[in-house]
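S.K.: Under the numbering used here, the letters of the first sequence match residues 1 to 1089, in that order.
Keep in mind that the hints are not guaranteed to be accurate.
Simulated crosslink set (EDC-like; lysine to aspartate or glutamate; CA at most 20 Å straight-line) [as the list claims (entries may be wrong)]:
{"#": "1", "residue 1": "929", "residue 2": "939"}
{"#": "2", "residue 1": "844", "residue 2": "819"}
{"#": "3", "residue 1": "311", "residue 2": "297"}
{"#": "4", "residue 1": "753", "residue 2": "47"}
{"#": "5", "residue 1": "888", "residue 2": "773"}
{"#": "6", "residue 1": "888", "residue 2": "307"}
{"#": "7", "residue 1": "677", "residue 2": "701"}
{"#": "8", "residue 1": "618", "residue 2": "507"}
{"#": "9", "residue 1": "522", "residue 2": "486"}
{"#": "10", "residue 1": "229", "residue 2": "189"}
{"#": "11", "residue 1": "1038", "residue 2": "1055"}
{"#": "12", "residue 1": "176", "residue 2": "300"}
{"#": "13", "residue 1": "1040", "residue 2": "1055"}
{"#": "14", "residue 1": "698", "residue 2": "709"}
{"#": "15", "residue 1": "677", "residue 2": "724"}
{"#": "16", "residue 1": "407", "residue 2": "391"}
{"#": "17", "residue 1": "29", "residue 2": "916"}
{"#": "18", "residue 1": "698", "residue 2": "680"}
{"#": "19", "residue 1": "279", "residue 2": "366"}
{"#": "20", "residue 1": "29", "residue 2": "863"}
{"#": "21", "residue 1": "839", "residue 2": "819"}
{"#": "22", "residue 1": "698", "residue 2": "683"}
{"#": "23", "residue 1": "929", "residue 2": "1027"}
Derived by calculation from the structure, the hints in this document are not laboratory data. No experiment lies behind these values; they were computed from the predicted model shown.
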Amino acid sequence: MTETASPNPSSTTPAHRYNAALANAIEPKWQKLWLDAGVHHRPNPGERGFDASRPKFYVLDMFPYPSGAGLHVGHPEGYTATDILGRYKKMAGHNVLHVMGWDAFGLPAEQHAINTGEHPATFTRGTIDTFRRQLQRFGFAYDWSREVATIDEAFYRWTQWIFLKLYGSWFDPWQKKARPIAELIGELENGDLRIASDGELVHVGRTAKTLNALGGEPGTARRWHELSKDEQRATIDDQRLAFVGEQTVNWCPKLGTVLANEEVIDGRSERGSHPVFRKPLKQWMLRITAYADRLLEGLETVDWPEDTRSKQRHWIGKSEGAEVDFALDIDTDDPEIDADLPPALRVFTTRPDTIFGATFMVIAPEHPVVDAVLRTPRPQTPVEELRAYAEKARNTADVDRQAAKEKTGVFTGLHAINPVTGDRVPVYVADYVLMGYGYGAIMAVPAHDERDFAFAEKFGLAIRDVVYPVAISAMAYYAANATSDETGDEGWLPTLADMLGYVTSNDLTPKDFEHALTHVRKNRRGEKPVPEERQELVGASPADLADTERWRGAVRGQWIDTIESLFGRSFETMRETFASGAYYARQGQPYDGNGYAANSTATVEGSTVLLDGMPTSKAKATITDWLDQTGIGRRRTNFKLRDWLFSRQRYWGEPFPIVFTENGDHYPIDADALPVKLPDIADYEPAVSEDPQPLLAKATDWVRTTAGEAGCSALDPATVVYRETNTMPGWAGSCWYYLRYADPHNDAALVSKEAQAYWLGDRGVDLYIGGSEHAVLHLLYARFWHMVLYDLGYVDSPEPFRKLFHQGLITAFSFQRPDKTLAPNDTAEEVAEGQYVEKGTGVKLTPVVAKMSKTLKNVVNPDDIIAEFGADTFRLYEMYMGPLEASKPWNTRDIMGLHRFLQRLWRLVIDEETGEPRLASAADAGVDKQLHRTIAKVENDIERLSFNTAIAAMIELVNLATTKAGSVPIFTQQQARRVAATLAPFAPHTADELHERLGGVDHVGQQVQTLYNSAWPKYDEGQLVDDEVEIAVQLAGKVKARITVPADADAKKLEAIALEHPEIKPLLEGKTVRKVIAVPGRLVNIVAN
RNA sequence: GGGCCCGUGGCGGAAUCGGCAGACGCGGCGGACUUAAAAUCCGCUUGGGAGAAAUCUCAGUGAGGGUUCGAGUCCCUCCGGGCCCA
1 MTETASPNPS STTPAHRYNA ALANAIEPKW QKLWLDAGVH HRPNPGERGF
51 DASRPKFYVL DMFPYPSGAG LHVGHPEGYT ATDILGRYKK MAGHNVLHVM
101 GWDAFGLPAE QHAINTGEHP ATFTRGTIDT FRRQLQRFGF AYDWSREVAT
151 IDEAFYRWTQ WIFLKLYGSW FDPWQKKARP IAELIGELEN GDLRIASDGE
201 LVHVGRTAKT LNALGGEPGT ARRWHELSKD EQRATIDDQR LAFVGEQTVN
251 WCPKLGTVLA NEEVIDGRSE RGSHPVFRKP LKQWMLRITA YADRLLEGLE
301 TVDWPEDTRS KQRHWIGKSE GAEVDFALDI DTDDPEIDAD LPPALRVFTT
351 RPDTIFGATF MVIAPEHPVV DAVLRTPRPQ TPVEELRAYA EKARNTADVD
401 RQAAKEKTGV FTGLHAINPV TGDRVPVYVA DYVLMGYGYG AIMAVPAHDE
451 RDFAFAEKFG LAIRDVVYPV AISAMAYYAA NATSDETGDE GWLPTLADML
501 GYVTSNDLTP KDFEHALTHV RKNRRGEKPV PEERQELVGA SPADLADTER
551 WRGAVRGQWI DTIESLFGRS FETMRETFAS GAYYARQGQP YDGNGYAANS
601 TATVEGSTVL LDGMPTSKAK ATITDWLDQT GIGRRRTNFK LRDWLFSRQR
651 YWGEPFPIVF TENGDHYPID ADALPVKLPD IADYEPAVSE DPQPLLAKAT
701 DWVRTTAGEA GCSALDPATV VYRETNTMPG WAGSCWYYLR YADPHNDAAL
751 VSKEAQAYWL GDRGVDLYIG GSEHAVLHLL YARFWHMVLY DLGYVDSPEP
801 FRKLFHQGLI TAFSFQRPDK TLAPNDTAEE VAEGQYVEKG TGVKLTPVVA
851 KMSKTLKNVV NPDDIIAEFG ADTFRLYEMY MGPLEASKPW NTRDIMGLHR
901 FLQRLWRLVI DEETGEPRLA SAADAGVDKQ LHRTIAKVEN DIERLSFNTA
951 IAAMIELVNL ATTKAGSVPI FTQQQARRVA ATLAPFAPHT ADELHERLGG
1001 VDHVGQQVQT LYNSAWPKYD EGQLVDDEVE IAVQLAGKVK ARITVPADAD
1051 AKKLEAIALE HPEIKPLLEG KTVRKVIAVP GRLVNIVAN
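Let the sequences and hints guide you as you build the complete structure.
M.R.: Right under this line is the structure:
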């Protein structure tokens, strides 16, 4: 029995009332007991106490970054949800894996170190202790023996190990999976794979034809032994899933760090306003792009919120199109210049059907051809202007370059040949083309792309129509096919208007134009009988001919207006416009939608391509096939997804298990030499320098070592080597921590085969709950790593997280001034009911929902709430606020309602004066029935994560029992035990305390220390249905009466009862019953008039 | 600008499959207990109208339209808010 001193100074409060004091006495007691007894510890398969008969359930929280500010009320929301589900699943017979850990590398600790000199490790250990203490105060049923932190050497040793696996693997595009590099070398050595001149791997017999200009035929690809040692090394390094790549970054020399785009404002750092330069930097990259298709396909197999799947799809950004080579027209006698420039510019386009409209080309400022032209300029090249432009553009962030309204650019002096039209087209440099997408070069089709159009207008370049929507297509057709008697004066206008009306209202396509024009002409000459024709014209049967006439007149009038607005009343203007393909130039805006191809016919080297009149989708397929056959281009899928920049110039992250030799070659550290420990450094201030200098470079003794010291057996032990000084980004540890939970103390493997097979199985984590802010990055990166580990045989599930759920944001009420700015909560004063003004200024304030923030003074500290109400009340409140996925405002006032619920429930079972159980000797039938229903509802609601309604059901039970009880006991001992078990997942401390006071025997007669080890109560299906139900009788959808009928009454019986009902019968007098809809158990609806 | 999601009492929300809108909690109002207050307990609480009352009646889920015997729920247009991409 718990010793609870009278918690209230007032003598009138009973000694054993459930209140904050009682909660704060019993909760720590149970928490200590659970921890000491290891109640929530789950053994692994093969360990003592493992129960193989139970199915597994792996429920996972997104582990927190332990910030110095401590726990926020948002944290326990998701954690309470998983705790309820985990506790419920345990009681329902599962082995539940539920662990907490710490995502503990990251910038804030490093910033703290800069400010205070305190080692990030010391600081972080402290914040972890705070977080752990705060979380334990909630009574979450975590298996704390499995706790991990990403900063533990025993943990990041395996993060480094996975990096070595990425480094030591390549993506086989034919098998579509990762394989060890050794197997790649094997296939190169045995001749199955060769190396094309552009570095691509060619699989003998399996590769599609490569392009004429750049690729070369498989026959010309070189064999492995024909490569020099350096070439062999480069070939292999180009295939690794972890590779060194060059990436343009925002470098701020003054701050000594690389900045994110968001941290750069107008070329200066947000912090301190120092100049920022865009600088190419060699860094570690992870080849996530190889998995683009797998990452996309896998989304169809998981139970995730549609919104999140959609975000990932967009992020991956798959687009189908073609790549095409535009030969450069170099036209020079100087072989040196020829050699410096590539033979062609390769472009990617999602609209190959518009290639006939490609009247110029644009390359990115970073494109290698720009530097080549600057070295060996053409006669027309404006060298200084080009140099200056490229320089400036390279120092502007991609987002800003794309956002700029005014198009800028410089002519390179180069021309290329449009491969289908044979036209010589100018090549420009412009900043709206990015090096990162496609090949950093585009074919510009001004008539069908907004940015190309703007550029063409500004630089006076040709704009040529190649796609028309159907109506414009019909105009073009008529312009070319009008008879001479129609073209004079006004004869053509009504004819064309009728044709357009006919075409559009009947959804005709260009192949019908000839027929349509004939039809319209015949009609106008009055050669055909009128009625049928006009009905056909309208596409529906009009009431009479007059209507048709009016309708037709209106349509013709509208089209005449449209034509006139485009071409005036001049047929010649229209003819000329379409003959020269200048419709969009005349319109002043491009058309980027689908339609029908026009002006798109050519014969190249004896092969004819004819797209005219084809719908866009067919035109795309046709031109792509043609490009493929002629070797000018080929089908190509492109992705928006970029390879993952994996290097950071920070201190507080995982060191790379990589060393470099004097000549810059990189070598891996041996797996058994891991971890590569983070060295201590004297200070954390970034170096001020012209070149990015990672902080670890300060640890000079650590950086310069020997292969033997470093544990790199690929080199002679005496070789001098330099360690990689970048560290891994914050995402690294979070990519795989959920695997470590399954086997956290294993020092022979990141997770044992058996533990992984049991806890993850072939479906992965059963439920993952966390914020939607991680919809893309974390959840994409983790899937990528998991897929690599799957390919290499370390995990059995193709996807890591079977079911994903995002809890909503907890917001807060705040106050808005009339000018829409927000006022801190402590400045608001309530002057009347619901009326607020700002203190001092007297400005009227409107309550609004806003994010919690320190400046608004609306942040709630969980510790304070627990002190005031107890953890169980807190848990219930957060779950009761609304649907788990919804964003919802915190309102401290509402908490009292949940506290009262526990208090009332407690009072039903426990005598407030004595603390002893108060039990009825016989069960009340109504209460018993409600208890069965409550258990059923709670069970159903937990399964669908609808905790708010589950709690409402328990409150209803308590309300009913309270009403029925009056002042005498209402629950029998058995009922009380069932109630406690039902409450246990939600309010585990209160439930266990009730359980203990009820004798420590659960509802199935087991003596258990805690309800966590009890069973989820069963309910009687028979108790869920009533013998009789009250249903509504509606007359034309309005409820007119309620009837009580047997629950099993069928539709026929319901109808009979309803029609004879004394309240209904009079209402039907003099009316005919047209229809009766009877839904058993729901209602009867009578339609009568 | 494009895509997605959401608008229900004074507030948070419920209505799980197209079937009686507003469960449950907060707040408010009234009552019991109390010298009093707090706490606790009981009752009422979408709006309008009628009635002494039980109750009856009309309207009602951002606005307008549509599908349906029946729409908070499905479809279209618009307004407002949020998120993502540009």
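S.K.: It remains to establish, for every hint, whether it holds in the given structure.
M.R.: Against the structure, the hints:
1. Restraint check for residue 929 and residue 939: the C-alpha separation of about 16 Å stays at or below 20 Å, so the hint holds.
2. Of the pairs offered as hints, the one joining residue 844 and residue 819 holds, with about 10 Å between alpha carbons and a cut-off of 20 Å not exceeded.
3. The hinted pair formed by residue 311 and residue 297 meets the criterion: a straight-line CA distance of about 14 Å does not exceed 20 Å.
4. Note on residue 753 and residue 47: the hinted pairing holds, with a Cα-Cα distance of about 14 Å set against a maximum of 20 Å.
5. This hinted pair checks out: residue 888 and residue 773 have alpha carbons roughly 16 Å apart, not beyond 20 Å.
6. For the hint pairing residue 888 with residue 307, the CA-to-CA distance comes to about 19 Å; that is within 20 Å, so the pair holds.
7. Of the pairs offered as hints, the one joining residue 677 and residue 701 holds, with about 13 Å between alpha carbons and a cut-off of 20 Å not exceeded.
8. At roughly 18 Å between alpha-carbon atoms, residue 618 and residue 507 fall within 20 Å of each other, so this suggested pair holds.
9. For the hint pairing residue 522 with residue 486, the CA-to-CA distance comes to about 13 Å; that is within 20 Å, so the pair holds.
10. A distance of roughly 13 Å separates the Cα atoms of residue 229 and residue 189; the hinted pair therefore holds under the 20 Å criterion.
11. At roughly 16 Å between alpha-carbon atoms, residue 1038 and residue 1055 fall within 20 Å of each other, so this suggested pair holds.
12. Simply put, residue 176 and residue 300 have alpha-carbon atoms about 18 Å apart, close enough for the 20 Å limit, and the pair holds.
13. This hinted pair checks out: residue 1040 and residue 1055 have alpha carbons roughly 14 Å apart, not beyond 20 Å.
14. A hinted pair counts as satisfied when its Cα atoms are at most 20 Å apart, and residue 698 with residue 709 qualifies at roughly 19 Å.
15. For the suggested pair residue 677 and residue 724, the alpha carbons sit about 12 Å apart, so the restraint of at most 20 Å is met.
16. Taken as a hint, the residue 407 and residue 391 pair is honoured in the structure, with Cα atoms around 17 Å apart against an allowance of 20 Å.
17. Annotation: proposed proximity of residue 29 to residue 916 holds, straight-line Cα distance about 18 Å (limit 20 Å).
18. This hinted pair checks out: residue 698 and residue 680 have alpha carbons roughly 9 Å apart, not beyond 20 Å.
19. Distance restraint check for residue 279 and residue 366: the Cα-Cα separation of roughly 11 Å lies within the 20 Å cut-off, and the hinted pair is therefore satisfied.
20. Restraint check for residue 29 and residue 863: satisfied, since their Cα atoms lie roughly 17 Å apart, inside the 20 Å limit.
21. Using a Cα cut-off of 20 Å, the hinted pair residue 839 and residue 819 holds, with the two alpha carbons roughly 16 Å apart.
22. Straight-line distance between C-alpha atoms of residue 698 and residue 683 comes to about 9 Å, which keeps the hinted pair within the 20 Å bound.
23. At roughly 12 Å between alpha-carbon atoms, residue 929 and residue 1027 fall within 20 Å of each other, so this suggested pair holds.
The structure meets every hint from the earlier list without exception.
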